[in-house]
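Engineer: With the hints as a guide, bring the two chains together.
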Amino acid sequence: MRQRSLTIVTSLLTAGALTLTACGSRDSKGSDSGETTVVIGVDAPLTGQNSATGLGIQYGVQIAVDDANKNNTVPGVTFEVKALDDKAIPANGQQNATSLVSDKKVLGVIGPLNSGVATSMQQVFDTAGLVQISPSNTAPELTQGKNWQTSKKRPYKTYFRTATTDALQGGFAADYTYKTLKKRKVYVVDDKQTYGAGLAKLFTANFTKAGGKVVGTDHVNTGDKDFATLVTKVKNSGADLLYYGGQYDESQILTKQLKAAGAKIPLFGGDGMFSDTYIKTAGASAEGDLVTSVGVPVTTLPAAKDFVATYKEKKYPGDYGTYGGYAYDAATAIIKAVGKVVKDGKVPSDARRQIVDAVQNSDFDGVSGHVSFDQYGDTTNKQLTVYQVKSGKWEPVKSGTYNPAS
Amino acid sequence: MNTLPQQLANGLFLGSMYGLIAIGYTMVYGIVQLINFAHGEIFMTGGFGALTVYLYLPDGTSMWIALPAMLLGGVLVATLFALGAERFAYRPLRGAPVLAPLITAIGLSLALQQAVFNWYPDAKSARVFPQLPFGPYHLGSLRIQSGDVFLIIVAPLCMTALALFVRGSRTGRAMQATAQDPDTAQLMGIDTNRMIATAFAIGGVFAGIAGVAFGLKYGSVQYDMGFQAGLHAFTAAVLGGIGNVYGAMLGGLVLGLAEAMATAYIANIPGMEQLGGQGWASVWAFVLLILVLLLRPQGLLGERVADRA
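Chains as they are written, first to last, in our numbering: chain A, 1 to 406; chain B, 1 to 309.
Derived by calculation from the structure, the hints in this document are not laboratory data.
Hints should not be assumed to be uniformly reliable.
With a straight-line cut-off of 30 Å between C-alpha atoms, the simulated BS3-like cross-links for lysine-lysine are [said to hold, decoys possible]:
no., chain 1, residue 1, chain 2, residue 2
1, A, K393, B, K124
2, B, K124, A, K87
3, A, K153, A, K382
4, A, K146, A, K157
5, A, K280, B, K124
6, A, K305, A, K280
7, A, K305, B, K124
8, B, K124, A, K179
9, A, K201, A, K146
10, A, K312, A, K393
Take a look, some chain B residues computed to stay more than 10 Å from chain A by CB distance [claimed, not checked]:
no., residue
11, Y54
12, S62
13, A89
14, L102
15, G140
16, G172
17, A177
18, D181
19, A185
20, Q186
By construction, the Cβ of each residue, glycine as well, lies at the ideal position given by its N, Cα and C atoms.
Excised from the complex, chain B in its bound form (with noise of 0.2 Å):
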């Protein structure tokens, strides 16, 4: 049997998911040059948000009336934290050395794990997670799992309606404007601090749709199961561009497929044995970015970034 389609279609999904990660980081990062490491713990608030609806619904709701509150729960949730840590961690501390706010994003990051850790319900252990009632489909030798249906559905849709909103709406055009220059941006009549404030909504809506897709997929969610997907995304947003959002999607899916190539077929090679596998994945996608990084320092779809030094 060629497993080849099957490996690709896994390196997508996983792929898609850092890029629906990757988008917060991105955003971010496009508009007030900060790293929100506390990212990958806004993604991990709303798979907590959608359990926490989920299991205030009466047992025995139908998943297709589950699934949309789910969503909406886990979308607000996250974006609260988002917005929450935008407004009470970041805003007090714009116009600080850039250090001052990336070691507050950390401290963050652990104490929004924390929180969840002691304060959610049975959260010291992975909390079992609701599942779609359908599927596996299969599609020739290929197999797609239910949760895998919902991240191939909803990612092309949320990257879509996040470049219509960027490119064609007053906001959006508000928001490149400010990423462009701040202060000129002010100068013209745009509330700078909205627009900041709207870049980690984004970030925190694409969050809780993440948050979901992970539980759907991997059907359990856990306190500390922001830290890996973080780190993940975040290089997902390097090796597309970080600030570029298609970039986002990009640096994900080709980081979900380098990793899944990588698992699938380096210790097929010959003399390679020791360091193909599971294992070795991460390993082999950052040697990818670093190999991108060389050649192109500012990504595959990076901008310039000289006037920002």
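Next comes chain A alone, as it looks inside the complex (with noise of 0.2 Å):
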């Protein structure tokens, strides 16, 4: 009985082998003869922690895919997302990086969402010489090697970015902070991850820098949702402004333990809590908690109310205030890069290498702003946006750009 169930499973087995590469063998055949596809692949958090900004990423790499395929803007070329869940986790990331480039469809990539990810990525696609733009990691270390402080190198020539650094973020929080706001005291709370502490030990740098006080630190889990004791001690410690580097899923929870506990202070973050669902959860007690979130708001650009109206329109999930935008103008600058090195739709044997060259000479007007990269890859888009809960929506409140001399 059992030797009989084993060769079934056993032939089974084999029969769907052998489908599926018979599959494979007339995809390839379906290609040689008229339109090539080719795919942008993306790598985000799409389910559990910061999926609402995740999935804002997938979607805006598919609106901008569907308007190339709409005007035809490399012609002989088809579009596709290819879309892999990365889970929030570096190990996650890895393994999708490695599928993405063992697909020879696969001219680019657009991701992650998280700069603790990208860590464990940059290599992968490095080695295989496949181009990555990342609509908003913000560490420093990912474009301008460890030592960014004191002497800039790029690690990886295939790493681009369309968000601006913590560097840049973290300073322009705390100057607001101190100058806008005149916070003198502040508790500064971190997640522990790449993002998160990176944000808050430049805020804190800065901060100290133009003369305030910064009365207690203290670190959370990713996951956690009880902080009643934290929220208990930075309530005692007299603290002004709670600054949070993190993400949504524990600021939201933590703005509203703040509050509750009698704190009526407001929490300040950087972009990764700039989402609806912050609002959404944390309901009135979000009111007049603060962001910074790179380039100008997306609502502002004329170019953008076209994205903004597609995403509602076609009712796709997750957020796309946060990284939409910059997903959307990372995934063009592939699809232009594409346009010069795939002609008549004839991809050539280096395309890889060829694209990251294209990329690394991006100039045009996207719907966040201008996009074009610097030597290290970082965008030159340094514009930075404060941005404030008022009656129940974000709502831009200052933009500029951080000079870090000042």
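Structural biologist: Below you can see the structure in the form of structure tokens.
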């Protein structure tokens, strides 16, 4: 009995494998005649932690690809999106990177969302010479190397980003806190991740340099739900602002418990918190909270209006406001690069290498502003905006650039 | 301002939550020596069950009417899942090597998470849970939130009811008999399958109540909320002595207090700045667990386990 079922299982598996092979060969034959398919990979957290902003990236890319196909931006080429879920876990990101690299149709990748995940992927893409553009990574190390404060050195030439770095974001936030809000005593909390801890560190450095005082620090774990003890400490410290380095998942609960504990002080965070989900979950507690985010408000740019309208019309899940526009621009940069390299649907054998160079020379106006990259792969768009929750909505309160020297 | 009373209260509320969930682990372990790793997910389904009831109630229903209905819904859903797990996942494996049901439990846990994630509307990120429309209350320097008021009333009530049931009722005594020796209990005319199902059901009821309490306390429910809560509750059950219902509650309270104290005060000890705070709370909780298990391997209120080998 056991023997026989084993035989059946084996034969089924063999048949399945054969069918799969058959599918594979038919696919490649199909692409020889007529349109060439170019795949743009996406890696972001699509489920669980950070998924609201992660889905915003996936569908931002989707809209860029749909637009390119509709307008026939690259003649003879049909673009497709291949979105993989990294669950905000570095090991998953690396696995996804490996699988994207091995798919010959993938000529560029958008993502990941988390800086910590990016560090695990850069090497894989660099070895394969495949271009990667993150719409959201802000850790300075990713483009300027480990010793970015003293000697900048680009570690991977395949890595680009359309987001500005924490070096600017942390400074901009510290500046706003000290000069505009006139807060002098701040409590700093982070989530111990590459992004959150980095942002908190840079905020602290710039805030103390400006003359402010950090009255306490603490760290939380991602996935934590109970911050009662922490908020009691914050309240007791006499801080007049809580700065949080991390994502919306924790901070939306943190702000709620903070206000419930009777501490009437705003929570200030980075772009990882700039999400509608934050307001939805925190409710009235979110009122008055602040974030810094990259670029000028997406809604103020005329080019972005179509993007936002399409996103809403298609009823895509996730929050487009955070990184959707940057994901759209990142995807457009790759599409334009493909347009320079792939002529008449013919993909040259070193297409990936050529596309890296073409992306480096990107120069166009996207939905989030002007898109071009400096010698480190960082965006030249150094605009930052402070948003504040007013009547249950993120409202831009100040846009500008941060000059570290001032 | 002295924060000690507030921090103790914070720990107590957190601990009551752990204790409610821990009951499920301890009841099931006490009767069939199975660590039901899917219990965290049963707790999660309780939260979503209550949320579903709330969403079906007409808008503007007073929380005084909605809350009992939500409790009922949460308890019902969690109990159904607990009974279903027992009937279809664990009962067929009774008598199988101990690892088989354990692996099944882990599989069931993942399956339940994914099921809610895929099929519950908008459950891919946190869903907002309704809040009680009163509080916070001030008690001297203490500040107590409405969700905590619910916990502090419900948790002792449930514990007392359970203690009376297990000690006083016929079914309770039959359960104890089954836990002590299932074969003899069966020979004495006890339907052991029913007793085991009852243990799962009680765990489900507590998990359902805990699910509602969680939603009220933190303002949202999420498909993966059972994992961390379950892990802590399981730790609480072991700390208190797994298999002992009083131990589960005590273990929960001790664990909650330990986490609160660790978060609040360890960083103030000179030289320990780096080892304190929220990020280290779980580490200290486990240090405590290890210490307790070194000195009392059976847990705080645990019973002898020699004849279980």
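Engineer: For every hint, state whether the structure bears it out.
Structural biologist: Hints, one by one, checked against the model:
1. K393(A) x K124(B): Between K393(A) and K124(B) the Cα gap is close to 22 Å, so the pair holds against 30 Å.
2. K124(B) x K87(A): holds, 12 Å
3. K153(A) x K382(A): holds, 19 Å
4. K146(A) x K157(A): holds, 15 Å
5. K280(A) x K124(B): holds, 14 Å
6. K305(A) x K280(A): holds, 23 Å
7. K305(A) x K124(B): Holds. K305(A) to K124(B) sits at ~27 Å (cutoff 30 Å).
8. K124(B) x K179(A): Given pair K124(B), K179(A) is violated - Cα atoms ~39 Å apart, limit 30 Å.
9. K201(A) x K146(A): The hint holds at about 15 Å.
10. K312(A) x K393(A): holds, 17 Å
11. Y54: Label holds. Min Cβ-Cβ 15 Å, cutoff 10 Å.
12. S62: S62(B) clear of chain A: closest Cβ-Cβ about 19 Å, beyond 10 Å.
13. A89: holds, 22 Å
14. L102: It holds; L102(B) is separated from chain A by about 24 Å at its closest Cβ, greater than 10 Å.
15. G140: holds, 13 Å
16. G172: holds, 33 Å
17. A177: holds, 39 Å
18. D181: For D181(B), whose nearest Cβ neighbour in chain A is about 35 Å away, the distance exceeds 10 Å, so it holds.
19. A185: Check passes; 36 Å lies beyond 10 Å.
20. Q186: Check passes; 31 Å lies beyond 10 Å.
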